[in-house]
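**Q** Chains as they are written, first to last, in the numbering used here: chain A, 29 to 157; chain B, 29 to 157; chain C, 8 to 401; chain D, 8 to 401.
I should point out that these hints are in silico values taken from the structure, not numbers from a laboratory.
Glycine included, each C-beta is placed from N, C-alpha and C at the ideal position.
Any given hint might turn out to be false.
Stated by the list, open to error - Here are the computed lysine to any residue pairs in the SDA-like style, where the Cα-Cα straight-line distance is at most 25 Å: (1) C:Lys96 / D:Leu118; (2) A:Lys70 / C:Gly225; (3) D:Lys51 / A:Val53; (4) D:Lys51 / A:Lys70; (5) D:Lys364 / C:Leu322; (6) D:Lys177 / D:Ala263; (7) C:Lys51 / D:Gly200; (8) C:Lys51 / B:Cys130; (9) D:Lys52 / C:Pro23; (10) A:Lys101 / C:Arg384; (11) D:Lys52 / D:Arg24; (12) C:Lys51 / D:Leu322; (13) C:Lys97 / D:Gly122; (14) D:Lys96 / D:Gly239; (15) C:Lys120 / D:His351; (16) D:Lys291 / D:His351; (17) B:Lys70 / D:Leu391; (18) C:Lys282 / C:Glu379; (19) D:Lys368 / D:Ala263; (20) C:Lys282 / C:Leu322; (21) B:Lys103 / B:Tyr145; (22) D:Lys120 / C:Leu30; (23) D:Lys364 / C:Gln45; (24) C:Lys96 / C:Leu241; (25) C:Lys52 / B:Asp49; (26) D:Lys52 / C:Ile11; (27) C:Lys52 / D:Pro20; (28) D:Lys52 / A:Gln126; (29) D:Lys364 / C:Lys96.
As the list claims (entries may be wrong) - Here are a few chain D residues that sit away from chain C, every Cβ distance over 12 Å (derived from the structure): (30) Phe37; (31) Arg71; (32) Glu81; (33) Glu117; (34) Pro129; (35) Asp143; (36) Glu198; (37) Glu246; (38) Gly253.
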Amino acid sequence: MYTEAVMDHFYNPRNAGELADADGVGEAGNPVCGDIMKIYVKIEDDRIADISFQTFGCGAAIATSSILTELVKGKTVAEAEKITNRAVAEALGGLPPQKMHCSNLAADAFHKALEAYRQNRPKPAPAAE
Amino acid sequence: MYTEAVMDHFYNPRNAGELADADGVGEAGNPVCGDIMKIYVKIEDDRIADISFQTFGCGAAIATSSILTELVKGKTVAEAEKITNRAVAEALGGLPPQKMHCSNLAADAFHKALEAYRQNRPKPAPAAE
Amino acid sequence: MERIYLDHAATTPVDPRVVEAMLPYFTANFGNPSSIYQEGRAAKKAIEESREKVAEILGAADTREIIFTGSGSEADNLAITGVAWAYRKKGNHIITSAIEHPAVLETCKELEKHGFAVTYLPVDEYGLVAPEAVRDAITDRTILVSLMHANNEVGTIQPIAEISKIVRAKGVLLHTDAVQTAGSIPLQADELGVDLLSLSAHKFYGPKGVGVLYAKKGTRLHRLIHGGAQEGRLRAGTENVAGIVGLAKALELAAAGLEETVPRLAELRDYFINKIFSRIDHVKLNGHPTRRLPGNINVSFEFVEGESILLNLDLEGIAASSGSACTSGALEPSHVLLAMGLPHETAHGSVRFTIGKDNTKEQLDYVLGVLEETIARLRAISPLYREQRGRKEK
Amino acid sequence: MERIYLDHAATTPVDPRVVEAMLPYFTANFGNPSSIYQEGRAAKKAIEESREKVAEILGAADTREIIFTGSGSEADNLAITGVAWAYRKKGNHIITSAIEHPAVLETCKELEKHGFAVTYLPVDEYGLVAPEAVRDAITDRTILVSLMHANNEVGTIQPIAEISKIVRAKGVLLHTDAVQTAGSIPLQADELGVDLLSLSAHKFYGPKGVGVLYAKKGTRLHRLIHGGAQEGRLRAGTENVAGIVGLAKALELAAAGLEETVPRLAELRDYFINKIFSRIDHVKLNGHPTRRLPGNINVSFEFVEGESILLNLDLEGIAASSGSACTSGALEPSHVLLAMGLPHETAHGSVRFTIGKDNTKEQLDYVLGVLEETIARLRAISPLYREQRGRKEK
Ligand SMILES: Cc1ncc(COP(=O)(O)O)c(C=O)c1O
Ligand SMILES: Cc1ncc(COP(=O)(O)O)c(C=O)c1O
């Protein structure tokens, strides 16, 4: 059913937990559907300095959250932002078809976390002319 | 499916064949249904002195014909006449339900043979008063 | 690592004695039961002896009341569609419940497309149908009530005998899906007062792909699979002789063992439930506390999702099942749990353990340890649990 | 006494290699294919590998075109009812032939009760359907043509590929009941040009109670057995895993052996037919002289009835079958023989011998001897033979 990569990330999730001093938090899914993903980001020098996740959901949901954190950690925001749910699934060697929609929301949560970060941070001073 | 008695009479039919000098011949069934029985009787002193059968039909048809000849042979006509298809089936230890109707016609053929005998024989002189 | 199988409601291994009984019918006694020669008669005899066994165990009055089918689902379909079409002139109304197996529910949905009206009775929080609700639902167009004997997910046993009195008083036929009870608890069609009853061999250590519909004498049935004259013209197709022999043998073994297995499994079940509650917080028992199948444990672990629990258990050598949508590829979690009033998120976190005759207390103790760790691990990464922790702690 | 089995069209013994392949799925690998844990995944894998094998052998383009059923009859029912309801809006007309298996004929009769119109095409004296007759029967309401690939009684092989061209040109679906050809002669769904094709494992040394419906991608089907989502939602019920594995293994073995068995059986068949004709008078060969299944011999012995021949053969250790009414408990003799124009009495005297892969020439020689004696014995007590003897003697 699941690839080895999925099982590895499910069983040994990377970067799980809360991030106390997160610059942005994003959430996707809802408990009615059985999947909620929360992504915490810490941004330094326009890079994903730290990232973590919390997930309520099936094995695929946990694995996609976990691998997403690995995929974007250390990248520039601009680069990291390009990540899609499809890319996450591919990084895991694929997901069962019925899991592609409901459980593959980590990139959505991540994008929301970046959005929250932008909302939160003090507007940069206008550059001197 | 069939009792041992049926199989015995099927495999070793008694009194099979034509009776050259029969006093009566009776036939029941028809080839469309797959069963024809022909009974030949020879009557002496109001008794079934000899009897034989010819049968086109299934195992049950052959067995009922065969046992009928045994059941009535030697009996008085009055006694033999009482035989029914049911009695024939019982003498064989029973027949499968679907065989009770179509293949159990030996008594009918026998009754017809007796009828033919009565038609054939010269009317007895009326008793003196 | 030795696997621990705790999903006996899903299926069971075939008992070696059952395999033994089946084997000759693949090779030495392979005849077609419709054939009149020796090989055929031997096969026919095997089927008829199996039918007698099953009839006797189920308390049938006549062997012709036993119809062998290709599965429990087919038996359910045959019962419901069969009665529906046979009694179409009498009425077009069928009553069932919201927690039936899909084999019943989907069959009813199909009949709705053909002009039948179906009432889906609700259940209470324990999964019980109220006998009065059955009474109130019956109209003069009602031809059939179909209610399962015990539910496959939560194990709740319905008061079928009580419901039977109501249904029969109104001259309506009663079908019960006894797929979960056959071989698990005593089961007598006459005592239950049902006209039709379905069962499936693979739930009681028999082979997959063979079931039975009991149909009381006088119950008219329209067949589902048309063709040859097999099974009293009620189910066409060359009989699965080995499967039928296996079903009868398995039912015989199960029936003989009931006196011993029922109390033993119930004790293991209660032990397991109590231990879960004492070791893990935020747990809910689904189903009825006492009117439940001896081997059934169904619990919801809040803040975690069922499939992830199962995956984790599987990695530790344990097989169990869940009412989570994710385990079935469905969009919604278990229709049974939702009908019992569980919120979606709690339904998603349900896990079902069903104990079988070969499970031991030692196995359950091992499972409890793994389960405790699993729930803790998954809650540690759950965003829902964190939020709750402050509010209510054990 | 060693038995000589010559009724392979009725059923076949399961090949020991097939039993071997099935055994693990009763015990060690007993999981429910719908379960997500290891035991379930192993069972699922076994089914999907079987599906791949079957798809490849039948020339299917996609494994999803293979639907496992509980028998050949169920496959026929699913094909015909499934298409009928799925295409009800397009039309209500179905074309079939007078010599189909009851699984097809009775299903069509059932649909007639539900507003479908069915044309039963006649056959010629050899059992062949005329392609032009199919063309002429098609109307703009026609949704399905169902014609068997080879007849189970007389072995006549229909020109399905030729008929396919006509049917497809009209945009109508084509189903073929290939229960008698699967495993007996080369069979490629794509070459035949059919949209649906049924087969049954027990006709080619596989287990009873499992069949296949091939349904070409794009063919809409309404399911027959409702419930769970098994078999692509087209056939509910826990899969008969062992049976499915057995079916695939048996089909694989059969396909691998065809090159050798087809000519060998055809030679034995022709030898047997020729010997019958040279040793027994008043005999008629039923079916086509050349377009017939390699193992099929169907002859009518005039003036005697089939069941009595079979009983006699059985007593001498030989298993064969007959189109006589008496062998099936029916009132009429074989509908196939009557449709081919045989008089009732000739149909009653028909005997079918179907040779299998393990039969030998020595066995056939023994059978010929017994047959000659049997016919002589039964004719000696037949009132019909006596009448004829004077007229025509050999
Ligand atoms: C041509 C044909 N179609 C269908 C069937 C039905 O197959 P099954 O007996 O597996 O249901 C048979 C054999 O019985 C057959 O010979
Ligand atoms: C209550 C109930 N009914 C019907 C069925 C269907 O039985 P089968 O899978 O043999 O078709 C099952 C099990 O799958 C069940 O648990």
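**Q** Does each hint fit the structure? Answer for all of them.
**A** Okay, the hints, checked on the actual structure:
no., hint, in the structure
1, C:Lys96 / D:Leu118, "holds (18 Å)"
2, A:Lys70 / C:Gly225, "violated (75 Å)"
3, D:Lys51 / A:Val53, "violated (40 Å)"
4, D:Lys51 / A:Lys70, "violated (44 Å)"
5, D:Lys364 / C:Leu322, "violated (47 Å)"
6, D:Lys177 / D:Ala263, "violated (36 Å)"
7, C:Lys51 / D:Gly200, "violated (38 Å)"
8, C:Lys51 / B:Cys130, "holds (23 Å)"
9, D:Lys52 / C:Pro23, "holds (23 Å)"
10, A:Lys101 / C:Arg384, "holds (23 Å)"
11, D:Lys52 / D:Arg24, "holds (20 Å)"
12, C:Lys51 / D:Leu322, "holds (18 Å)"
13, C:Lys97 / D:Gly122, "holds (20 Å)"
14, D:Lys96 / D:Gly239, "holds (23 Å)"
15, C:Lys120 / D:His351, "violated (44 Å)"
16, D:Lys291 / D:His351, "holds (14 Å)"
17, B:Lys70 / D:Leu391, "holds (22 Å)"
18, C:Lys282 / C:Glu379, "holds (10 Å)"
19, D:Lys368 / D:Ala263, "holds (23 Å)"
20, C:Lys282 / C:Leu322, "holds (22 Å)"
21, B:Lys103 / B:Tyr145, "holds (15 Å)"
22, D:Lys120 / C:Leu30, "violated (42 Å)"
23, D:Lys364 / C:Gln45, "holds (20 Å)"
24, C:Lys96 / C:Leu241, "holds (20 Å)"
25, C:Lys52 / B:Asp49, "violated (47 Å)"
26, D:Lys52 / C:Ile11, "holds (21 Å)"
27, C:Lys52 / D:Pro20, "holds (17 Å)"
28, D:Lys52 / A:Gln126, "holds (18 Å)"
29, D:Lys364 / C:Lys96, "violated (52 Å)"
30, Phe37, "violated (4 Å)"
31, Arg71, "holds (15 Å)"
32, Glu81, "violated (5 Å)"
33, Glu117, "violated (5 Å)"
34, Pro129, "holds (21 Å)"
35, Asp143, "holds (27 Å)"
36, Glu198, "holds (27 Å)"
37, Glu246, "violated (7 Å)"
38, Gly253, "violated (9 Å)"
Hint compliance for this structure: hints 2, 3, 4, 5, 6, 7, 15, 22, 25, 29, 30, 32, 33, 37 and 38 are not met, and every other hint is.
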